[in-house]
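K.L.:
Using the sequences and the hints given, assemble the complete structure.
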Amino acid sequence: MCGVVALFLKRPLTDADIALGRELTGDVAHRGPDAGGEWYDRANGVYFGHRRLSIVDLSDASNQPFVRDGFALSYNGEVYNFQNLRRLQESRGVPFETSGDVEVLLRLWQDHGPAAVEKIDGMFGFALWDGSDGWLAVDRYGEKQLYHAETPDGSVICSELGPLVRRLGLCPSLSAEMRAEFLALGYIAGPRTAYREVTRLPPATVVRLSLGAVCDRTTYWRPPFGKPTGGAAKPLTERELDRLQEALLASLDKRLYSDAPVCLFLSGGTDSSLIAAMAAHDLGRSLDCITVGFPQGATRDEVAAAALVAQHLGHRHHPVQSEGDPSLVNGEAILDYFGQPNDNVTITAVHQMAREATRLNYKVGITGMGGDEVFYGYNKHAHFYRYRHLYLLPEGVRRSLATVAAPWTGKSSKLDAFVSLFGVRDFELFLAFRNPKTLPALRGLEDFDAWALRSFARQQPIAYESIRFDLEDSMVNSRLPTLDIGSMRAGLELRTPYLSREVQDVIASFDPRSLLAFGQKSVLRRLLNRYLPKNLVDRPKHGFIFPLDRFLASTLRPPKPEGITAAWSEAVWSMRNEPAWHAMAIRLLLLDAFDGWRGRLINASSGAAGTSKIVSY
1 MCGVVALFLK
11 RPLTDADIAL
21 GRELTGDVAH
31 RGPDAGGEWY
41 DRANGVYFGH
51 RRLSIVDLSD
61 ASNQPFVRDG
71 FALSYNGEVY
81 NFQNLRRLQE
91 SRGVPFETSG
101 DVEVLLRLWQ
111 DHGPAAVEKI
121 DGMFGFALWD
131 GSDGWLAVDR
141 YGEKQLYHAE
151 TPDGSVICSE
161 LGPLVRRLGL
171 CPSLSAEMRA
181 EFLALGYIAG
191 PRTAYREVTR
201 LPPATVVRLS
211 LGAVCDRTTY
221 WRPPFGKPTG
231 GAAKPLTERE
241 LDRLQEALLA
251 SLDKRLYSDA
261 PVCLFLSGGT
271 DSSLIAAMAA
281 HDLGRSLDCI
291 TVGFPQGATR
301 DEVAAAALVA
311 QHLGHRHHPV
321 QSEGDPSLVN
331 GEAILDYFGQ
341 PNDNVTITAV
351 HQMAREATRL
361 NYKVGITGMG
371 GDEVFYGYNK
381 HAHFYRYRHL
391 YLLPEGVRRS
401 LATVAAPWTG
411 KSSKLDAFVS
421 LFGVRDFELF
431 LAFRNPKTLP
441 ALRGLEDFDA
451 WALRSFARQQ
461 PIAYESIRFD
471 LEDSMVNSRL
481 PTLDIGSMRA
491 GLELRTPYLS
501 REVQDVIASF
511 DPRSLLAFGQ
521 KSVLRRLLNR
531 YLPKNLVDRP
541 KHGFIFPLDR
551 FLASTLRPPK
561 PEGITAAWSE
571 AVWSMRNEPA
581 WHAMAIRLLL
591 LDAFDGWRGR
601 LINASSGAAG
611 TSKIVSY
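So in my numbering, spot 244 of the sequence shown is number 244, and the numbers just go up one at a time.
Please keep in mind that the hints were generated in silico from the structure rather than gathered at the bench. Honestly, I wouldn't trust all of these hints.
Pairs of lysine-lysine, DSS-like flavour, derived with a Cα cap of 30 Å [said to hold, decoys possible]: (1) Lys380 <-> Lys411; (2) Lys119 <-> Lys227; (3) Lys560 <-> Lys534; (4) Lys411 <-> Lys234; (5) Lys534 <-> Lys380; (6) Lys437 <-> Lys414; (7) Lys534 <-> Lys234; (8) Lys380 <-> Lys227; (9) Lys380 <-> Lys234; (10) Lys437 <-> Lys560; (11) Lys560 <-> Lys414; (12) Lys380 <-> Lys437; (13) Lys414 <-> Lys380.
Everything numeric in this text was worked out from a predicted model, so none of it was measured.
P.N.:
Next comes the structure, spelled out in structure tokens:
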């Protein structure tokens, strides 16, 4: 895991360009505290910077940028199947000088060109120069991000957004639709960012650049999904469960490979507990397990449950108490992580856990991220499937039923929920399930309808639309950046066994109803029952979720963000102490903090010696 910087310019490099590359590389030094390097080709306008977190092949031989035979590579990530790929290359007489995965990746590209990425099981974001063209690539799920700034002089690439904002002096460009999107979802969906000049590469994307500009863009994969078969839904057979267990175990085994120490982020929930159980029972690995705890009896605290799981499996447990300093959880602190508005304040807990892991001398952490997305485990998936026939009713019929039932609301929470969901337009169903109480406020935002209609126009039943949205949108734009940025701020690499092409392919071979019709995350629970006693399996779902009231407690001044009417802001802020309004209030606060944060970031940067820009905007 590392930090990547690249410049692909339309002209030869100047000394100022090289200085810019070095400043950007310094800005991502936290991602790679073990080594740093640069390579550049003045005549062709190419600069590569790299910061290394040494995990596979700890020798200097695998330092980057990695340059061989006219090719140069700056790479962030892990190729988990690099040993198999190396053996295949060696069988054809390809020589190797190192024992790491970076050389395997470069040789693979030399043999196969951009098709090389289709052979990789891994997470990655890299920039490559082949002597004539520049290339960018990211992994199938978007675990590793690359941000691409397009300037009049060419392209500037970085593993994080903040350094590009700081060094290029970028100005935010938030449209009314983007504000509506952020207030509804809590993030700005890629490939867009809050800056007109910068995009984030989508998952499974390869980009070719010529003379500093994009000339070709390819999507090489999309997650496969199974199709319902005829007849009634059936649970997976034991043989099918065995196939799934084997695929997941193979994924975990590859992700545990490291020349540096490995730990586990354990929540006590199904996803990470299954990983912990497989590591202990099937692979004979005893791991240090790290869990974040929250003060004052927070309902999301998972320490006690995680401790029981770790003890039963023979793992060592290390609880980390979330810090109470409000300066760590205010708006500007969150913006410092993401470089743009994102409401996933859990990033502070991820950072704290990563700091504890590095204090214990770990460089790699295994997580249960992706279990809910890959195995259809969220509440909304279960709800939309259970009541799928009702949601297939035409919108007009459904809304009429809500009107008829309205006089009986207030007597049954279930009836109240149905009325609030049935009374909305088709393209509002997903948002209404997330938080029905805030939907009327969202409707009052400029361009909300245009954004929501475009984003949630249904192509298939909402049960399946919601599954795809969580895997390809929410996870990519919020959860994965939170893991990557939060952990790498402390110099820790996080790996995700559930995000595996082989695991996804096995699941796609099943009727999706087998995962939805027999209880929430029934398949993972059946697997976990093979390892743990019932009392450690049958627990409510929680996960790492930050207590949002702590975040709101750090701000008393009513936020008044640009582009949002004062009346709208005041109405939302007045409800901030109600749990249903916590997330909306935090999003409002982050929008308000954004302009001031960006200005202070630029001012701090411009005051630093040696700061340079390619071009002024």
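K.L.:
Run every hint past the structure and note whether it holds.
P.N.:
Do the hints match the structure? See the list:
{"no.": "1", "hint": "Lys380 <-> Lys411", "verdict": "holds, 23 Å"}
{"no.": "2", "hint": "Lys119 <-> Lys227", "verdict": "holds, 26 Å"}
{"no.": "3", "hint": "Lys560 <-> Lys534", "verdict": "violated, 50 Å"}
{"no.": "4", "hint": "Lys411 <-> Lys234", "verdict": "violated, 35 Å"}
{"no.": "5", "hint": "Lys534 <-> Lys380", "verdict": "holds, 25 Å"}
{"no.": "6", "hint": "Lys437 <-> Lys414", "verdict": "holds, 15 Å"}
{"no.": "7", "hint": "Lys534 <-> Lys234", "verdict": "holds, 23 Å"}
{"no.": "8", "hint": "Lys380 <-> Lys227", "verdict": "holds, 19 Å"}
{"no.": "9", "hint": "Lys380 <-> Lys234", "verdict": "holds, 21 Å"}
{"no.": "10", "hint": "Lys437 <-> Lys560", "verdict": "holds, 21 Å"}
{"no.": "11", "hint": "Lys560 <-> Lys414", "verdict": "violated, 36 Å"}
{"no.": "12", "hint": "Lys380 <-> Lys437", "verdict": "holds, 16 Å"}
{"no.": "13", "hint": "Lys414 <-> Lys380", "verdict": "holds, 14 Å"}
When the structure is compared with the earlier hints, violations turn up for hints 3, 4, 11 and for no others.
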